[in-house]
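Residue numbers (the working numbering), protein chains in the order written: chain A, 1 to 278; chain B, 1 to 292; chain C, 1 to 284.
Careful, some of the hints might be misleading.
Think about it this way: if two alpha-carbon atoms lie no more than 25 angstroms apart in a straight line, the pair counts; the simulated BS3-like pairs of lysine-lysine are [said to hold, decoys possible]:
#	chain 1	residue 1	chain 2	residue 2
1	C	K135	C	K14
2	C	K14	C	K275
3	C	K135	C	K89
4	C	K111	C	K14
5	B	K194	C	K91
6	B	K194	C	K111
7	B	K194	C	K130
8	C	K89	C	K130
9	B	K194	C	K238
10	C	K135	C	K111
11	A	K60	A	K45
Calculated from the model, a selection of chain B residues having no Cβ within reach of chain C, i.e. all distances over 12 angstroms [stated by the list, open to error]:
#	residue
12	P30
13	V37
14	F39
15	H75
16	P135
17	R185
18	A187
19	C189
20	L190
21	I201
22	M279
23	W281
24	V283
Simulated from the structure, these hints should not be mistaken for lab results. Beta carbons: idealized from backbone N, C-alpha and C, even for Gly.
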Amino acid sequence: MSAAIASGAEPRSRQRHSIFRNHLVRAAISLVAFILLWEMGSRLKLPWVGAVPPPTVVMKALLPLLTDQGYWYSWYQSSRRVLTGFLAAMLIGIPFGLAMATSRIFRDVTFPVFEILRPVPPLAWVPAAIIFWPTQELSIGFVIFLGAIFTIMLNVIGGARSIDLRFFQAARSMGSSNWDIFRRIVLPGVLPSIIVGCEVGIGITWNVVVAAEMISGGGGAIQSSAGGGLGFFIWNSYIGGSYPLIVVGMISIGIAGYISSSIIRRLGLLVTPWMRVR
Amino acid sequence: MPDGKPATSGGEIGAWEMVLYRVSKWLRSPTPYLMLVGFALFFGAWFLLSEVFKVWRFASLPGPRQVLLEWINPHPVYGLSLYTPDYYTHVWSSLRRVLYAFVISTCLGVPFGLFLGWSRNFREFTFPVFETLRPIPVLAWVPLAIVMFRADETPVIFLTTLASFYATALNTMLGVQSIDQSYPRAAACLGASKWQIFRHIVIPGALPFIFTGLQISVGVAWFSLVAAEMVSGEYGLGYVINTSYVNVQYPVILIGMISVGIVGYASSALVRLAGDYMMQWRVRELALGGGR
Amino acid sequence: MSEAAAAVAQHAAKGAIRIQNVDKVYYAREGRVQAVSECSLDIRAGEICMIVGPSGCGKTTLLNAIAGFHDITGGAIYLDGQMLCGPDKPKAEPGPDRVVVFQNGSLFPWKTNLDNVAFGPVVQGRMTRKEAAEKARGMMADAGLVGVEHNYPGEISSGMRRRVEIVRALMNDPKVLLLDEPFRALDSLTKSVMHEALLEIYYRNKVTIFFITHDLEEAIFLGHRVAIMTTRPCKPKKILDVDIPHPRNYSVLTSPRFRSLMEETVSAVHEEAVKAFEAGEKEM
């Protein structure tokens with residue numbers, strides 16, 4: 001649904017002559033302006049911004065890292081955690097959500113418990129998870145799992161509920177069994193919502209992974225030599241006083257997060273080709 | 001000519017009777033009893049596994065009875081219960097931060113989102129930067145925030161505000177974009193100027209999405225706040241959870257978790273109620289099962 | 001011109017539209033689409049002109065051009081001799097002299113019916129809220145809408161919503177009422193009641209009505225003239241003069257004259273409908 005009401009947005013029946021009307025050019029201009037403002041603010045020692053290393057320094061700090069094996073290993077570690085936690089959340093959350101959507105009894109029993117657990121932020125579970133799980137990796141994995149699963153389940157339930165009743169009626173009138181209906185109506189019908197849930201969930205997952213890795217590096221709940229990952233990299237850079245590396249770490253995670261969201265979106269479109277023609 | 005009798009009933013069935021009727025209907029269905037079964041299973045299993053049978057790792061977890069007794073204990077073993085003023089200091093500390101963050105992020109995020117949706121020029125110049133910064137997880141900002149804002153409270157509030165701001169701005173923008181284009185067109189026909197359209201059409205039209213965004217933003221705020229409090233800062237429920245782990249006061253961990261859950265849920269519900277109040281027309285329309 | 005003379009002139013020349021050689025081309029995903037091509041049509045002041053054609057043929061594009069929602073790529077449109085849009089000014093300004101009633105209804109869901117109806121004059125600054133509310137109440141009562149003033153649009157039936165929307169438009173003393181298949185979503189029983197309601201409103205207000213529909217019966221029943229349009233690109237194929245006298249009521253539907261008018265035109269309409277069907281165009 002396009003913002004047809006926004007000023008200046010009518011169907012383009014004439015070519016706009018000015019290059020400054022092109023949205024890609026505008027995007028480039030705004031990004032360049034942002035970087036320039038950052039550079040100036042940083043060098044001029046403005047309040048707040050002055051404490052942040054300028055982009056040129058950050059770039060200089062990044063270059064040697066690109067060939068540093070440890071840096072890429074951090075990438076691997078964080079990505080691995082994100083992947084495993086997220087997959088676990090999907091493997092359990094999707095069937096659970098479908099069960100809650102299809103069976104009234106199951107939903108009435110489990111949904112209230114689900115609803116009272118949901119408001120507790122995932123990171124609040126960290127100490128309890130450490131007490132419970134034997135290894136630190138499992139604790140982090142559990143917290144990641146929790147972070148993603150509530151979102152995924154909510155979206156599955158919402159998606160299943162919103163499937164038009166008439167699809168079921170049409171299928172029945174063509175002689176479908178329960179299993180057929182599940183496989184051919186419910187599953188495809190829920191797919192778009194699952195994908196949306198996954199997109200949101202992966203954002204939460206990255207947040208949790210980064211936080212868990214930082215906590216494991218800093219003081220607090222997790223004290224251990226294992227750990228690593230990009231969150232740990234950021235925290236370490238902070239402790240070690242190499243502030244440009246903090247920003248490098250942030251940018252790296254941003255890129256990683258963006259890549260994972262894109263992958264999900266692409267995979268999603270692959271699995272739901274009918275959503276492409278809007 | 002058919003006369004224009006409204007579809008709603010005036011005072012034929014009172015509101016109170018409707019509530020009573022619905023409650024009695026609910027009680028007669030299996031739903032509330034199954035709900036009790038669910039709770040019983042959950043708490044029962046927890047109780048049995050951690051306090052009675054002490055199975056595997058559950059042995060080190062505090063059980064529900066332990067936690068409850070500690071929570072309502074006038075002289076708590078670990079110093080924190082419903083009777084201690086410290087408890088409320090921490091709750092209020094967290095609540096206050098969320099409040100600040102929510103107010104700031106709403107005051108910034110809603111107008112920003114409205115303009116993003118309304119003006120193509122504004123959007124094309126601002127959205128790219130917004131979208132580029134968005135993939136950076138809010139919690140990755142923690143060290144930078146500490147570096148930027150030396151003080152104790154400010155980084156925490158900054159992080160929480162940042163997270164909420166994204167949610168609010170994005171949902172507001174979606175809200176504006178979701179407005180059916182025939183509404184502003186009709187307003188233009190009726191002689192409304194651009195600003196009048198903004199005031200009378202865009203803002204009310206985006207309100208449902210704005211309130212969804214605000215609910216999400218409250219949830220996100222709590223999420224970020226607890227994490228930020230665990231890493232830096234004093235006082236607050238996140239801090240409580242963290243330190244009670246370090247000081248081996250396990251039941252307090254759970255008290256902290258439960259408290260966060262309750263306060264978080266209540267704040268979300270408050271936003272939802274505020275939304276329902278401000279959008280009477282929507283509530284009535286949905287109640288009558290109608291869309292456009 | 002003095003103010004009084006201007007007011008008289010405004011009421012006298014109420015809404016003659018001249019569509020002159022209008023072209024409309026736009027660029028969609030599938031490429032270049034010619035929605036309207038060299039379309040010329042004259043609509044007389046104070047008449048009900050029905051525009052009939054298959055879905056997606058471009059009639060709405062014409063309406064949007066008159067209303068000022070889209071620009072045109074060629075030709076010109078005049079209202080009472082004044083140019084609305086043309087070569088130097090491809091897009092008209094939307095305004096209360098040409099109010100649109102939309103297909104799916106566009107009463108603002110967050111305002112009460114009364115506030116909706118009073119919206120136009122208030123927002124233009126022509127009346128205070130109190131004055132507008134009083135006038136609105138009166139006009140709503142004339143249209144048979146009593147007791148729903150303080151309800152929201154979502155609470156009343158769709159037939160009533162349509163009437164409220166028409167009254168909202170008429171509050172502004174428009175020269176032209178642009179109706180884009182307003183009764184399409186109503187069932188045929190409600191529709192026949194709405195037809196009589198619209199005629200009654202018309203007899204009271206004598207605005208020019210530009211009414212788009214795909215229903216030939218509706219067109220012949222309501223209109224002074226019926227313009228049958230071709231499939232995309234849109235232009236008038238045949239213009240029918242409906243010489244059944246006004247005021248009309250539903251008994252007209254079974255009159256022999258009505259039936260013979262239907263006979264004359266149904267083949268033309270059907271021809272275009274088949275063309276559109278075979279072209280498989282998606283409705284816009």
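Evaluated hints:
A threshold of 25 angstroms between alpha carbons decides the hint, and for K135(C) with K14(C) the separation of about 21 angstroms falls inside it, so the pair holds. Proposed proximity of K14(C) and K275(C) is contradicted: the alpha carbons are some 36 angstroms apart, above 25 angstroms. At roughly 35 angstroms between alpha-carbon atoms, K135(C) and K89(C) are farther apart than 25 angstroms, so this suggested pair is violated. For the hint linking K111(C) to K14(C), the alpha-carbon distance of about 30 angstroms lies beyond 25 angstroms, and the restraint is violated.
A threshold of 25 angstroms between alpha carbons decides the hint, and for K194(B) with K91(C) the separation of about 16 angstroms falls inside it, so the pair holds. The suggested pairing of K194(B) with K111(C) holds, with an alpha-carbon distance near 19 angstroms, which does not exceed 25 angstroms. For a cut-off of 25 angstroms, the pair hint linking K194(B) to K130(C) stands: about 24 angstroms separates their Cα positions. The hinted pair formed by K89(C) and K130(C) fails the criterion: a straight-line CA distance of about 38 angstroms is larger than 25 angstroms.
Of the pairs offered as hints, the one joining K194(B) and K238(C) is violated, with about 40 angstroms between alpha carbons and a cut-off of 25 angstroms exceeded. A C-alpha spacing of about 17 angstroms is found between K135(C) and K111(C), which places the hinted pair at or below 25 angstroms, so the restraint holds. A threshold of 25 angstroms between alpha carbons decides the hint, and for K60(A) with K45(A) the separation of about 19 angstroms falls inside it, so the pair holds. Taking the minimum C-beta to C-beta distance to chain C, about 33 angstroms, the non-interface status of P30(B) holds against the 12 angstroms cut.
V37(B), annotated as away from the interface, keeps every beta carbon of chain C farther than 12 angstroms; the closest lies near 38 angstroms. Under the 12 angstroms C-beta cut-off, the non-interface status given to F39(B) relative to chain C holds; the minimum distance is some 37 angstroms. The beta carbon of H75(B) is kept farther than 12 angstroms from every beta carbon of chain C, the shortest such distance being approximately 54 angstroms. With a cut of 12 angstroms on Cβ distances, P135(B) stays outside the contact zone with chain C, its closest approach being about 29 angstroms.
The Cβ of R185(B) sits about 6 angstroms from the closest Cβ of chain C, inside the 12 angstroms cut-off, so the non-interface label is violated. For A187(B), the requirement that its beta carbon stay farther than 12 angstroms from each beta carbon of chain C is not met, with the minimum near 8 angstroms. The claim that C189(B) is not at the interface with chain C is violated, since a C-beta of that chain comes within 12 angstroms of its own (minimum 5 angstroms). For L190(B), the requirement that its beta carbon stay farther than 12 angstroms from each beta carbon of chain C is not met, with the minimum near 4 angstroms.
For I201(B), the non-interface assignment is contradicted: its Cβ lies about 7 angstroms from the closest Cβ of chain C, within the 12 angstroms cut-off. For M279(B), the shortest C-beta to C-beta distance to chain C comes to about 7 angstroms, within the 12 angstroms cut-off, and the non-interface label is violated. With a least CB separation of 4 angstroms from chain C, W281(B) falls inside the 12 angstroms interface cut-off, contrary to its annotation. Consistency note on V283(B): stated as away from chain C, yet its beta-carbon is not over 12 angstroms from all of that chain's, at 10 angstroms minimum.
This entry does not satisfy hints 2, 3, 4, 8, 9, 17, 18, 19, 20, 21, 22, 23, 24, going by the numbered hints stated previously.
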